[in-house]
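Number of protein chains: 2
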Amino acid sequence: MPFSNLESRKFKTKAVADLAFPEREGGYAKGHETREQILGAALSLLVEEGYRGMSMRRVAAACDMKLGNLTYHFPTREELVKDLLDAIIRAYEIEFEAIIHFTNETAEERLAEICGLILEDIRTKKTTHVFPELWALSNHDPFVLERVQELYARARASLLEIVEEMRPDLDADSREDLALFISASMEGMTVFAGHNKPFEHRMGQLETIAIRSFIEIVRNYAPDVQE
Amino acid sequence: MPFSNLESRKFKTKAVADLAFPEREGGYAKGHETREQILGAALSLLVEEGYRGMSMRRVAAACDMKLGNLTYHFPTREELVKDLLDAIIRAYEIEFEAIIHFTNETAEERLAEICGLILEDIRTKKTTHVFPELWALSNHDPFVLERVQELYARARASLLEIVEEMRPDLDADSREDLALFISASMEGMTVFAGHNKPFEHRMGQLETIAIRSFIEIVRNYAPDVQE
DNA sequence: ACAAATTTAGGACGCTTGACAAGGTTTGTC
DNA sequence: GACAAACCTTGTCAAGCGTCCTAAATTTGT
Chain A
1 MPFSNLESRK FKTKAVADLA FPEREGGYAK GHETREQILG AALSLLVEEG
51 YRGMSMRRVA AACDMKLGNL TYHFPTREEL VKDLLDAIIR AYEIEFEAII
101 HFTNETAEER LAEICGLILE DIRTKKTTHV FPELWALSNH DPFVLERVQE
151 LYARARASLL EIVEEMRPDL DADSREDLAL FISASMEGMT VFAGHNKPFE
201 HRMGQLETIA IRSFIEIVRN YAPDVQE
Chain B
1 MPFSNLESRK FKTKAVADLA FPEREGGYAK GHETREQILG AALSLLVEEG
51 YRGMSMRRVA AACDMKLGNL TYHFPTREEL VKDLLDAIIR AYEIEFEAII
101 HFTNETAEER LAEICGLILE DIRTKKTTHV FPELWALSNH DPFVLERVQE
151 LYARARASLL EIVEEMRPDL DADSREDLAL FISASMEGMT VFAGHNKPFE
201 HRMGQLETIA IRSFIEIVRN YAPDVQE
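Those sequence lines, one after another, are chains A and B. Residue numbering for the first sequence follows the working numbering, beginning at 1 and increasing consecutively. Residue numbering for the second sequence follows the working numbering, beginning at 1 and increasing consecutively.
There could be a bad hint or two in this list.
Note that identical chains are pooled: a pair holds if it fits in a single copy or bridges any two copies.
What the hints assert, rightly or not - When the alpha-carbon atoms are kept at most 30 Å apart in a straight line, the in silico DSS-like pairs for lysine-lysine are as follows: (1) 66 / 82; (2) 66 / 30; (3) 125 / 66; (4) 66 / 126; (5) 82 / 126; (6) 30 / 82; (7) 126 / 30; (8) 82 / 125.
Bear in mind the hints are in silico, worked out from the structure with no lab data behind them. Note that the structure is a prediction, hence the values are computed from the model and not measured.
Whenever a hint applies, use it, and build me the whole structure from the sequences.
Structure below.
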């Protein structure tokens, strides 16, 4: 069997952290702590109530804090959103940094491992709720678009590494296309098999299909000649 | 070549209509026309400004109409959103109804045709902007979730038909999984190669990869024995 | 002609929103 | 323990929101 033992991951890594905060520079420890509390509450509200529900007042209330104090730390809502987005994305970037250093035996094993990780993350409530909000926002906010695409570029980097190893004969564009297809393909599952979605319980089978399908296409893909 | 002539669609169908309105029952023609104008303006605002920007006042203004008249036709915002969602989804359902009756030579040709249609639609501004909004809404609104998933169920129906023809040996669950994977996989491209997205210009290659990949996995998929 | 349907015009209610300013309180440091 | 920076509270502002209302004018179908 060409796919034996590819669907059960060896390395059970912990889930992606919710937020990753920047080093603090200046200010008291208290202030920095408060900022983290605010961003945590903002994320909670974003997940539970959606982007509209994440108002300045509700964030402040969730922190048991007065609105004025919130605006002291984040003078505008835009600034809060921007910093929240940074913290969310930074957490993923840390994870992808770790993934790059996977040392599984074969490229295909690593591919299966990465896909398993991503599809596992997709099933969490946080990811199922946050990313569609970001996708919607990115249509009207260039900053969000750029930041989200930058995140995906890092996610693709580890896939690209594997594609390169499996298909050194392919041109760079084609390898990019393959990594992009794999990444996009998995993201699409969010809407169908994410948290509380109707096919959440089929994610296991979907993962199997996805991994086999990805390996097959990477093995055999040949771009059109006129490309 | 096993994939020859599968990537250029024979039947160039027109794009999916923006909205499909229900039969009118009671009222004058004028009133019905106004309702269509309102829903059209609401869709425009949803596409251009996002869900937040689609307020009652802005919809009314976009129709050159007083707020009172808007609330005459749609007493609550919820009702407007509900009817808009219905009109959007009905348009797709009509399209899928037509797709079912494709009479291409082989199942694989029909699969290629359907994938081409969907990926073409994904590149439109309307689809790229509206669906992420719906995905985000569906996380907090059971009505939206149900309606959207109902739409996708119809989209899968045509895929399922093809999978059944190609793999009569598979059990029903596995065929459903395959159709689901194909559908989800394509939806994922919205964020990467949809309208104004960074890989919009790679959609052609992605389509090629997707179709080949889908055909391959449907041809060869075998579920695990313990399933 | 006439009734029903549609539209205008204007207002008003209660509520939430993001933003801001002035004045207290705490914290760390010299 | 002084003292300045950092932190936090309190109160206020204009703007926008959905919903509701009335009264009159206009259009439409028959």
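These are the hints, each one checked on the structure:
Proximity of residue 66 and residue 82 under a CA criterion of 30 Å is satisfied intra-copy only: 21 Å inside one chain copy versus 36 Å between copies. Proximity of residue 66 and residue 30 under a CA criterion of 30 Å is satisfied intra-copy only: 16 Å inside one chain copy versus 51 Å between copies. In this assembly of identical chains, residue 125 and residue 66 lie within 30 Å of each other by CA distance solely inside one copy; the values are 28 Å within and 41 Å between copies. With identical chains, the CA atoms of residue 66 and residue 126 are at most 30 Å apart within one copy only, with a shortest distance of 26 Å there and 40 Å across copies.
In this assembly of identical chains, the alpha carbons of residue 82 and residue 126 lie at most 30 Å apart whether taken from the same copy (18 Å) or from different copies (26 Å). In this homomeric assembly, residue 30 and residue 82 come within 30 Å of each other (Cα to Cα) only inside a single copy, at 21 Å, whereas the closest approach across copies is 46 Å. For a Cα distance limit of 30 Å, the shortest separation of residue 126 from residue 30 inside one copy, 27 Å, qualifies, whereas the shortest one across copies, 46 Å, does not. With identical chains, the CA atoms of residue 82 and residue 125 are at most 30 Å apart both within one copy (21 Å) and between copies (25 Å).
Consistency note: the structure conflicts with none of the earlier hints.
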